[in-house]
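Asker: Read off the chains here:
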Amino acid sequence: MISYHHHTLANGLKILVHEDPSSPMAAVNLLYDVGARDEDPGRTGFAHLFEHLMFGGSAGVPEFDTVLQRAGGNNNAYTTNDLTNYYDVLPAVNLETALWLEADRMNLLDFSERSLDVQRKVVCEEFKEHYINQPYGDVWHKLRALVYTVHPYRWPTIGLELSHVEEASLDDVRNFFYRFYRPNNAILAVAGGVKTSEVIELAEKWFGQIERGPANERKLPAEPVQSKARHLIVEADVPVDMLYRAWPMCDRKHPDYYATDLLSDMLSAGESGRLHRRLVMENEFFSDLEAYITASFDDGLFVIEGKFAEGVDRGEAEAALEAELELVRTQFVSTEELEKARNQSEASEAFGNVSVLGKAMKLAYYELLGNAALINEEIEQYRRVSAEDIQRVAREVLRPERCSTLHYLSKQAVLS
Amino acid sequence: MALPTTIPLLKPVTQAHFVYPERQELSNGIALYTLDGAADDIIRLELVFPAGRRYERSYGVSAAAAKLMTEGAEGYSGADIAGTIERYGASLKVRGGFDYTSLQLHGLNRFLPQMLPVLQGLIYRASYPEKECANYIRNNRQKIRIREQKVDYLADNALRKVLYGPEHPYGYHMTGERFSELSREQLLEHHRRTIAAAQPFVIAAGRIGDELNPFLEQLLGQSPRSVLQPVKHPAAQADKVRLMHLHKENSVQSAIRFAKPIMAKNHPDYQAFFVLNTILGGYFGSRLMSNIREDKGYTYGIYSGITHLDEASYFYISSEVGLPVCQAAIAEVYAEMQRLREELVSEEELELVRNYLLGTILGSIDGPFRSADTVRGILQGGLSMDFVQELINTIRAITPVQLQELAQRYLGVEDLFEVVVGWPEAEVSLL
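Listed in order, the protein sequences are those of chains A and B. The opening position of the first sequence corresponds to residue 291 in this note's numbering, with each subsequent residue numbered one higher. The opening position of the second sequence corresponds to residue 822 in this note's numbering, with each subsequent residue numbered one higher.
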C-alpha cells in the first residue's frame, strides 16, 4: 500500500507526495500532458525535440544538468505519443534545488537559436542511430501508418521524417511552450525521504507564481472502425523475414484494458507464454514471437511480432499462429494460466514499488490517467479478470477483418 | 513572472550509510550475503558462479550453457521449468558473462519451497535437450546476421579483439560457424564442471525471512563444491596496430571506439582514476558530452568507462557519430584527453563532479536491491566491504594536481587503440 498526499496549487499544478523515510534520496517527477499525438501533422517529432530543448537553459539557469549534478543529482526525460515526463533523483537534503530547477524552466525557457540548432542536430543523429542506420529501424513508421489513417498515432515520437525536425523554428518552440508547458497542464510527484508539508511549502514557493496557460482541450480525430484486413509488404536489405500483426484495441482507461493486457500475457509473457512455447520451442516456425499491447491513452494496438525461422514456409508458420489465436477465441484459458498471471502482477507491482523514482513516476502517471489511487487499485483490477473476460476480448479484438499485417522481408531471401 | 531570486543553498552529502551485508556460510562453505529490508514479501536471489568464458573449453559454450540451462532438467521439460517459476510469480534470468554466470531469481518468499525441486533440477541435472540446442544454434546464426549489420556491434567486437587477441576468452567473437560447432556434449560438460560443482557466492536481498537458510541449504549446501580454476588459454595479447578503420556500405553513422588496458579495481590508483573518468566521459555533464554532443551536436551520446574483468580490465570511449563529422569528432576526443594531461581541472568543475558522485553513491546504496548490486561489484572485484567508504574518502580528498598526474600516467595516446566502423572513405586503412 503506497500512501500519498494530494494537493493542487491555485495555478492548477497538481502535486502528489509519498513519504518514504527509509530512503536518503528524493525523486522529483514532473509530467507534462503533451505528447506526439498533440503535434501538427506537418511538424511531427516536435514534442520530443522540445524535450531536448528543456535542457538547453532557462531564464534563471543556463545549465540545468550542471546545477542538478552539483546537488548530487541525476536526471532524464522521455517522450511518448501521449506524454512527456521529466525526472530528477537527488539526495533528499537538496530537494529544493530540483524544485527550483523544474520551476525555472517551466516559468520561462531561454529560447535561443543556438540551443535549437544543436538539439536539432542531436535529434537528427538519434533519428539516424535508431531509425535509419538499423535493420528494421523504420518498421514502426510503416506499421503505424498502416493501422492509423487519421489519428496522430500514425507517426512515432521521433517524427515522420528528418525534415520535420530540421525545419523546426524558434517560433514553433515558443508557441509550444506557452500552449503546453504550463502548470495547469502538469503533474508534480515527489517521493522519498521528504516531508509532505515541506514539499507543498516549497512547491508553493517555486511554482506558485507561474501563470496558468490555456486549458488543453484535445480534439483529436477518431480513427474510423476498420472493416477490411490490410496488408503491406516491405522488401529491404535486412537479414531475416519478419512478421508484424496489429489489431486496434481499447484505450488505457477502458475496463477491458486489464483483460486485454492479460490476454497478451497468456500468449507471450515470459518463457512459458503459449506463442513462445508452441511456435518457437515445440514447433520451430519462428525464432522469436511475442505479443504485446501499446497501452496508449487513445485506442491502442494489440501487436504480434515475430521473426520467421530460417527456411520455414511462411504460410505454414502463419497458419500455425492463426490456430493459436483461434484457440484463445474459442476456449477458456486454464486456471493455472490465470493464477500465473495474478501472481506475476502481484510480484511486478511489489518490485515496481521498491525505488522512490518508480513510485513517483507511477503516482504522476496514474494521476494523468485520472486517478492516482490506481497505484494501489490496479492489482485488484487484474485479479478480477476471469477466463470468460479473456475469451470475450480475444473475440472482440483479434478479428481477422481488423488485422493489419506487415511482412518485412529480406531482399536477399526474396532473390534466392 | 519572476520567481524568488534567492536560489536554494546546496547541502553536501555528509552521510552515506552503507548497511554492510550480513555474511554467513552454508554448511559446505558457500558464502551467503544478505541485505534485509522490503515492504512486501519479495526476495531477489543471485547465485554467482565462476562459469563464464574463462571457464569454457570451446567457443561460445558458456553463453549457450547459460541460455539453455532452463530448457530442461532430468524429469522436467523446459515448459515445466518456465511454467513452475512463472506460475509462482517469479522470474529467473541466467546471464553468461566473460568471468561469471549468474542466476537471478526474483520472487515471492512464500513460494520458495514450491520452486525448490525445479531449481535443484536445473542446477544439478540440467539436460540440454538436443532439440533446444539445435534451435539455439539456428536462431543465433540468424541473429548474428542481423547484428553484423550494425556498426556498434562490429566496433565492440573489433575493440575486444585488438585489446586481448582473437583467441583470448575476452577477445574472440562468435560467428555463424562457431555456433554450428557447438554440441550438446560440450554444454553438459561445461555445466557439470561449473554450475553443478563449483563454488558460487550468493546474495539475497529483500525481505529476509526464516525460510531462506533452509531453502538455500537444500538448494546448494548438500554436497561439497570446489574452487574452480579457469581453463588454460592464450595470454592476453594486445595488437600492434593501433588504428583500425573499416568502411561499411550504406552506413549513415560511424561507430568510434577508443580503448586501452587499465588497472584492476583493487589497484591503489583505481578510485582516483574513477573520478578522472567521470570528468572525461562518465556522466551526462562530462567533457566529452558537453563538447561533442551539447556544443557540436555530432552525436546522440558519447561516454567513457572502465570495464572490469578478472584477468585484465580496460578503459574505453564509445560513440556513434554522423559520417561527415567522424574525423572531427575523433579529433575532439584526442583534444579532451590532451586537455586533462596539460591543464588542471578547475576547483569548480571538481566540486561539481564530487557532489555528483557522492549523490550517485548515495543512490547506489539506497535500499537492499541497489545495495545488492554494489555488493556484487565489490565481491567480483575482490574488494573489502569498506570499498564504498574508501571511495567516498577518495572523492572528497582528491585534488586537481593529483588528477593531472593521473591523466599523464593513464590517458596518454601511445597505447590507445582507435577503432572506427563506418569509416567515411571506401578504402580500408590499417595504419
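Please keep in mind that the hints were generated in silico from the structure rather than gathered at the bench. Wrong hints could be hidden among the right ones.
Said to hold, decoys possible - Partner residues are not named here, just some residues of chain A that face chain B (Cβ under 10 Å, in silico):
hint : residue
1    : H296
2    : L299
3    : R360
4    : N384
5    : N423
6    : E525
7    : P529
8    : L533
9    : R567
10   : E626
11   : F641
12   : R685
13   : K701
As the list claims (entries may be wrong) - Pair by pair, the computed Cβ-Cβ distance ranges are:
hint : chain 1 : residue 1 : chain 2 : residue 2 : range
14   : A       : N366      : B       : P1035     : 38 to 44 Å
15   : B       : G858      : A       : E678      : 26 to 32 Å
16   : A       : E606      : B       : R916      : 54 to 60 Å
17   : A       : I422      : B       : Y1155     : 53 to 59 Å
18   : B       : L1064     : A       : Y368      : 33 to 39 Å
19   : B       : Y1155     : A       : S487      : 50 to 56 Å
20   : B       : R844      : A       : P311      : 23 to 29 Å
These figures come from a predicted structure and were not determined experimentally. Quick reminder that beta carbons are idealized off the backbone N, C-alpha and C, glycines included.
Asker: For every hint, state whether the structure bears it out.
Answerer: Quick rundown of the hints versus the structure:
1. Taken as an interface hint, H296/A does not check out: its beta carbon lies about 21 Å from the nearest beta carbon of chain B, beyond 10 Å.
2. The closest approach between the C-beta of L299/A and any C-beta of chain B is roughly 13 Å, which is over the 10 Å cut-off, so the hint fails.
3. The beta carbon of R360/A is positioned within 10 Å of a beta carbon in chain B (closest approach about 5 Å), and the interface hint is therefore held.
4. Annotation: N384/A was flagged as interfacial toward chain B, and the flag holds, the nearest CB pair being 6 Å apart, inside 10 Å.
5. Using the Cβ-Cβ criterion of 10 Å, the hint placing N423/A at the interface with chain B is satisfied: the shortest such distance is roughly 5 Å.
6. This hint is violated: E525/A has a C-beta 15 Å from the nearest C-beta of chain B, more than the 10 Å allowed.
7. Satisfaction of the interface hint for P529/A is found here, the shortest Cβ-Cβ separation to chain B being roughly 4 Å, below the 10 Å cut-off.
8. The interface hint given for L533/A is broken, as the beta carbon of that residue sits about 14 Å from the closest beta carbon of chain B, more than 10 Å.
9. For R567/A, the interface hint holds, the least distance from its beta-carbon to any beta-carbon of chain B being 5 Å, beneath 10 Å.
10. Hint status for E626/A: holds, given a least beta-carbon distance of 6 Å to chain B, under 10 Å.
11. Given the 10 Å rule on beta carbons, the hint for F641/A holds: about 6 Å separates it from the nearest Cβ of chain B.
12. Hint status for R685/A relative to chain B: violated, with the closest Cβ pair at about 26 Å, above 10 Å.
13. Look at K701/A: its Cβ only gets to about 12 Å from chain B, farther than 10 Å, so that hint breaks.
14. Roughly 42 Å separates the CB atoms of N366/A and P1035/B, a value that falls within the hinted 38 to 44 Å.
15. Evaluation of the 26 to 32 Å hint for G858/B and E678/A yields a failure: the beta carbon distance comes to about 41 Å.
16. E606/A and R916/B have their C-beta atoms about 34 Å apart, which leaves the hinted 54 to 60 Å range violated.
17. Taking 53 to 59 Å as the suggested C-beta distance range, the pair I422/A and Y1155/B does not conform, at roughly 28 Å.
18. Between L1064/B and Y368/A the beta carbons are some 37 Å apart, a value that agrees with the proposed interval 33 to 39 Å.
19. A hinted range of 50 to 56 Å holds for the C-beta pair Y1155/B and S487/A, which are about 53 Å apart.
20. Between R844/B and P311/A the C-beta distance comes to about 27 Å, which sits within the given range of 23 to 29 Å.
Checked against the numbered hints above, the structure violates hints 1, 2, 6, 8, 12, 13, 15, 16 and 17; every other hint is satisfied.
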